[in-house]
Amino acid sequence: MATTTAVSPLFSSLAYFWYQLRRSPMMLLGLLLITLMCLAAALAPLLAVHDPDAIDLGSRLLPPSAAHLFGTDEVGRDLFSRVLYGGRQSIGVGIFVAFMASVIGSIIGCFSGIIGRMVDTLIMRLMDIVLSVPSLVLTMALAAALGPSLFNAMIAITVVRIPYYVRLARGQTLSIREMAYVRAAETFGAGKPHIVRWHVLRNALPPIIVQMTLDIGNAILMAAALGFIGLGAQQPTAEWGAMIASGRNYLLDQWWYSTFPGVAILMTAIGFNLVGDGVRDMLDPKQKVK
Amino acid sequence: MMPARQSDTMLNAATTPPLGQAAVPVLDIDNLYLEFPVYKGAIRALNGVSIQVMPGEIVGIVGESGSGKSVTAMMSMRLIPENSYRVRTGSIRKSGRNILQASEKEMRHIRGKDMAMIFQEPMTALNPTMKVGRQITDLIRRHTSLSAGQAREHAIALLRDMHIADPVQIFDAYPFELSGGMRQRIMIALAFSCEPSLLIADEPTTALDVTVQKQVLMLLRERARKTGTAILLITHDMAVVSQFCERVYVMYAGSVVEQGITAQVIDRPAHPYTRGLLGGLPENAEPGAPLQAIAGQVPNLADLPGGCAFRNRCPLQGEPCSQIPPLMPLADQPGHSVACWMTAGEAAHV
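Same order as they appear, the protein sequences are chains A and B.
Mapped onto my numbering, the consecutive letters of the first sequence carry residue numbers 1 to 290.
Mapped onto my numbering, the consecutive letters of the second sequence carry residue numbers 1 to 350.
Be careful, since some hints might not be right.
BS3-like cross-link-like pairs, simulated, lysine-lysine; straight-line CA separation at most 25 Å [said to hold, decoys possible]: (1) A:Lys192 x B:Lys105; (2) B:Lys131 x B:Lys113; (3) B:Lys113 x B:Lys226; (4) A:Lys192 x B:Lys226; (5) B:Lys214 x B:Lys226; (6) B:Lys113 x A:Lys192.
Hints were generated in silico from the structure; no laboratory data involved.
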């Protein structure tokens, strides 16, 4: 199909994005943090001077120095390299979980709202049951049942996050279903799949995107929590939560062991939350004026 | 003289001569009784409505809120959720085909292609997240076998027909970038995109300001003339009907109380309700005098009084009004009939 009329539309929307960014410094800060953490994780092989899993019992528990920027752990592994590689696990989990949960959750929610009646009731009560158990407890139970590994922890967190999206998407669907353009589409002969795809899902997207961005931070924290109690990534894989857990024993004398992975988690979670807030303000023109 | 009671007589009388030989009406609603079941009983929304629209004709339905005009329109496209209503008797035929018995799948092929509808709210009737052009081409491609490129050509031609100055630019615009009048034009373009034989316009100009109203109506008529589309215009505005429609049905409490050629009905309204509606128009009022209003309120459709539904608000009520009046043609104006015991005879003498 012949397209492209004026200057590249991609460029103009990028320019607009930048204009909005400049007006919300917190989001800019969040983006900076995320970029920093993601770059560090992505470029880990280049930045890390040591092999993250290389054991060197001769240099155990060394304080931060030029050779070991973040110090070393109890078996002499370089903490700087481990924090960099750990970011790959944690950020990966966060993005995967938020993405899977939002896609699965919003599709279920959308159809639940469109089909209605028995199916709707059934799905929503099921979601209520999931929501009635404290989410960390349920995640722990699921992860323990599946067996401790990072992948299983990921699945467990995804399952527990799904109901939030189902409820969100269903609520959106119920209100969008009554909009004039959905009725208009019906009068022009559109079928249900077309309405869900082009009208409901598209218009339900903004709050789901916001929830998703905010959830990445949550998921990282949850994965770290699971790692901390031993249900997430297993040794020797570098993972922030697990690193904090092993550093706990040395907290009083070797402060650097738990602190650097902790700061990494903190920065990533804050980054994603700031961006989530920023995205929400961007997508809600009424709030932006404040 | 007591005119014939059968509804057939009035149906035949209603056919307009100038459009001639095409015998099958595009829309033929025959003696339709429709109700919405509610707790202990039912809301009787339509009570024996008969409406015919011939090919290419522009017909108006007038009435106040709750008179059943929108239900009639929605039902003609079967857009009321199944299971929420009950048809007691009667039929709706679209070009001879029984709409009430068509499957939902068949209906989806009729809607948009064979009959289209435009709504009151142009501001919200377009999907805010899709470009206008995409919405038109989606519809065209749903009902025809045109390729994406051809559909685009066709959509741009349609927009140009809507007197939109820069159709290519509008094609790539989002609805929020357009004014209400512009959006209503897009809706009209959508409605005409597959050249339907019937267009139902449910108060298409209510949300627009007066100057735009007129433009939109002119545009509707122009397009309808060009494509041979019949229009069923639902409105509460007698002034719009008088400028726009060839024939008019006046509805009250779920029944047609008067019908005829617009000029006849406006010049010599026979039903006291129609007289009330026309009397309420500002242009018919004497300067300085308060506007006339019809006393009382629309009866509760769940609990209709026996006899004529207008009885409790009618200035002329008399003995026979405890019976439901059928539509009776006026003796000297055969195309013009009225459902009123008191005026059906009287009008003939004038």
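Checked hints:
The suggested pairing of Lys192 of chain A with Lys105 of chain B holds, with an alpha-carbon distance near 11 Å, which does not exceed 25 Å. Proximity of Lys131 of chain B to Lys113 of chain B is assessed by CA-CA distance (about 21 Å); at most 25 Å being required, the pair is judged to hold. Of the supplied pair hints, the one linking Lys113 of chain B and Lys226 of chain B holds, its CA atoms being roughly 17 Å apart against a limit of 25 Å. Only pairs whose Cα atoms come within 25 Å are accepted, and Lys192 of chain A paired with Lys226 of chain B is rejected, the gap being roughly 33 Å.
Between Lys214 of chain B and Lys226 of chain B, the direct Cα distance comes to roughly 18 Å. Compliance with the 25 Å bound is thereby established for this hinted pair. For the hint pairing Lys113 of chain B with Lys192 of chain A, the CA-to-CA distance comes to about 17 Å; that is within 25 Å, so the pair holds.
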